[in-house]
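Protein chains: 2
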Amino acid sequence: MSGKKPREDVSIEFKEYHTPSSGIFFKASKQLYKQDSPYQKIEVIENEHFGRVLILDGLVQTTEKDEFFYHEMLVHPVFLSHPEPRSVLIIGGGDGGVLKEVLRYPVENVCLVEIDPQVIKVSQEYFPWLSPCLKDERTELIIADGTEFIGQTNKTFDIVCVDSSEPVGPSVSLHEEDFYQNMKRCFREDGIIAAQAGSPFYHLDSIRKKNGFLKSLFKIVNFYSSPVPTYPGGNWAFVFLSDKVHPLDIKGNPPEGLKYFNPDIHRAAFSLPNFFKDGLD
Amino acid sequence: MSGKKPREDVSIEFKEYHTPSSGIFFKASKQLYKQDSPYQKIEVIENEHFGRVLILDGLVQTTEKDEFFYHEMLVHPVFLSHPEPRSVLIIGGGDGGVLKEVLRYPVENVCLVEIDPQVIKVSQEYFPWLSPCLKDERTELIIADGTEFIGQTNKTFDIVCVDSSEPVGPSVSLHEEDFYQNMKRCFREDGIIAAQAGSPFYHLDSIRKKNGFLKSLFKIVNFYSSPVPTYPGGNWAFVFLSDKVHPLDIKGNPPEGLKYFNPDIHRAAFSLPNFFKDGLD
Chain A
1 MSGKKPREDV SIEFKEYHTP SSGIFFKASK QLYKQDSPYQ KIEVIENEHF
51 GRVLILDGLV QTTEKDEFFY HEMLVHPVFL SHPEPRSVLI IGGGDGGVLK
101 EVLRYPVENV CLVEIDPQVI KVSQEYFPWL SPCLKDERTE LIIADGTEFI
151 GQTNKTFDIV CVDSSEPVGP SVSLHEEDFY QNMKRCFRED GIIAAQAGSP
201 FYHLDSIRKK NGFLKSLFKI VNFYSSPVPT YPGGNWAFVF LSDKVHPLDI
251 KGNPPEGLKY FNPDIHRAAF SLPNFFKDGL D
Chain B
1 MSGKKPREDV SIEFKEYHTP SSGIFFKASK QLYKQDSPYQ KIEVIENEHF
51 GRVLILDGLV QTTEKDEFFY HEMLVHPVFL SHPEPRSVLI IGGGDGGVLK
101 EVLRYPVENV CLVEIDPQVI KVSQEYFPWL SPCLKDERTE LIIADGTEFI
151 GQTNKTFDIV CVDSSEPVGP SVSLHEEDFY QNMKRCFRED GIIAAQAGSP
201 FYHLDSIRKK NGFLKSLFKI VNFYSSPVPT YPGGNWAFVF LSDKVHPLDI
251 KGNPPEGLKY FNPDIHRAAF SLPNFFKDGL D
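Protein chains in written order, with our numbering: chain A, 1 to 281; chain B, 1 to 281.
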């Protein structure tokens, strides 16, 4: 769509450092996109095994091959727990993976609030699932800062999915107390929020800090986790927030065709290992 | 112990390819050991985050920082399920991580059968947990090929832990049907085997093949999984084998002081995601 010719550099290697002395690498058969937006550095590479890989500010956001782990686990646990979700808000998630999972349900409307229109444009070009989702009549795309949107909107939602990138660049405010405080404004009585929460293995200090302020804002705060092969440590934390709904009080059934999620996985994901439980307080 | 002086190469980078175009890397602040044994290439590097890293034939076996995920998950699920484990066999596991976990229980004897004495020697030098475990009077160290030991021994065991490396080099036979067929000889009526089984994300074809012959040999064949940050995909499969004991019929309590495992994690680990369940048949 942009008409840009892919660069045919077969010897490019992309590295993401998970610690100052270790990380993950991908050989790129093509560097499909590399440009700075006003918000962040956006790259798309083609890897033989993972397919297209979206990288923001040097951090892998999603790959064609393993996107389902993260996107299914941010979306389906909250949907399984909610009695009748109609109205959904996605903060971030410009690559459309979360939107794709939400639209599997008979919801009435989905607001996708993404700060960076260039992420939308790039993802439409390189990730096949986004364009059909944006064409779905239930989807409303809003280009805005998620924190500002939350502070100003009059809408209320049954489910909010916070698909932020890590707390660098434009996502910093999406990890702070004010954001979650404001979220309560547009959150229905039996509403549920799911947010990505980092790596239990690498980011336990920031998870502990987040747990501290979340417990003062929400009656029900439950962390859960899932494998995500291309994220640091290969395992990722999410947090389930509600004032009324308990995650293990299952209300519905998952849609057909999922690659990762099922009701047994739902229950299992909320079982935390000792170091994670001990690290929350 | 060997008196070898560590090499002070601070710029060494170790890479493990998980696919031909992607993998994990570690900067080594020191290359502590690098020698070929008659069986395999043995390396130990020092990494700032992970501490000492044992690498066999180019594949990370264990690190000081994250060893607990794998070692706890190979040992504690079978112990939680067995009514009274007294006699334990460990095949492979020369680094001692599995032995360390087994010795937390009041077992009567543990046979560690490792083919490569050089792995034992190197691990005694570089991994702090091994030497005390070898000094424990319940431990019997046998330097032998695991397959031959299984075919010849007159001993029987309550629990067998198969801590093989991947099916390259000396571990090839530990992944084959004959090995498991012979195992039944030295396996008590309510015995349980736990074996590492590879990455659900990367090695599903070999897991499927293994499941095929295991189901013809054992009445109860249950795969389970756990995060292991430094293994391919960050998530690892194990298999629980028995003719009598069901893994979710919990018989005991885990010991104090574990970093990963607890009874909730035990139940959760046996819940498989859709792609893994579908990939078994």
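Heads up, a few of these hints could be off.
Same chains, same label: a pair holds when it works inside one copy or across any pair of copies.
Unchecked claim - Here are the computed lysine-lysine pairs in the DSSO-like style, where the Cα-Cα straight-line distance is at most 30 Å:
id, residue 1, residue 2
1, Lys-155, Lys-219
2, Lys-15, Lys-244
3, Lys-121, Lys-251
4, Lys-135, Lys-15
5, Lys-244, Lys-65
6, Lys-215, Lys-259
7, Lys-277, Lys-251
8, Lys-65, Lys-209
9, Lys-215, Lys-34
10, Lys-135, Lys-215
11, Lys-259, Lys-27
12, Lys-41, Lys-219
13, Lys-65, Lys-27
Keep in mind that the hints were calculated from the coordinates and are not lab data.
Results of checking the hints against the structure:
1. Taking CA atoms no more than 30 Å apart as the test, Lys-155 paired with Lys-219 passes inside one copy only; the shortest distance there is 22 Å, against 56 Å between copies.
2. In this assembly of identical chains, Lys-15 and Lys-244 lie within 30 Å of each other by CA distance neither inside one copy nor across copies; the values are 43 Å within and 48 Å between.
3. For the identical chains of this complex, Lys-121 and Lys-251 are neighbours neither inside a copy (36 Å) nor across copies (56 Å), given an alpha-carbon limit of 30 Å.
4. Within a single copy, Lys-135 and Lys-15 get their C-alpha atoms no closer than 34 Å, and across copies no closer than 43 Å, so neither meets the 30 Å cut-off.
5. Taking the closest pair of Cα atoms, Lys-244 and Lys-65 never come within 30 Å of each other, the shortest separation being 36 Å inside a single copy and 39 Å across copies.
6. For a Cα distance limit of 30 Å, the shortest separation of Lys-215 from Lys-259 across copies, 24 Å, qualifies, whereas the shortest one inside one copy, 32 Å, does not.
7. Taking the shortest Cα distances, Lys-277 and Lys-251 sit within 30 Å of each other both inside one copy (26 Å) and across copies (24 Å).
8. With identical chains, the CA atoms of Lys-65 and Lys-209 are at most 30 Å apart between copies only, with a shortest distance of 23 Å across copies and 32 Å within one.
9. Neither within a single protomer nor between protomers do Lys-215 and Lys-34 lie at most 30 Å apart by alpha-carbon distance, with minima of 40 Å and 50 Å respectively.
10. Taking identical chains as interchangeable, the C-alpha atoms of Lys-135 and Lys-215 are never at most 30 Å apart, the minima being 38 Å within one chain and 47 Å between chains.
11. Taking the shortest Cα distances, Lys-259 and Lys-27 sit within 30 Å of each other inside one copy (26 Å), while across copies they are farther apart (35 Å).
12. In the homo-oligomer, the alpha carbons of Lys-41 and Lys-219 never lie at most 30 Å apart, since the shortest distance is 37 Å inside one protomer and 54 Å across protomers.
13. Within a single copy, Lys-65 and Lys-27 get their C-alpha atoms as close as 15 Å, and across copies as close as 27 Å, so both meet the 30 Å cut-off.
Of the hints listed earlier, those the structure fails to meet are numbers 2, 3, 4, 5, 9, 10 and 12, in rising order.
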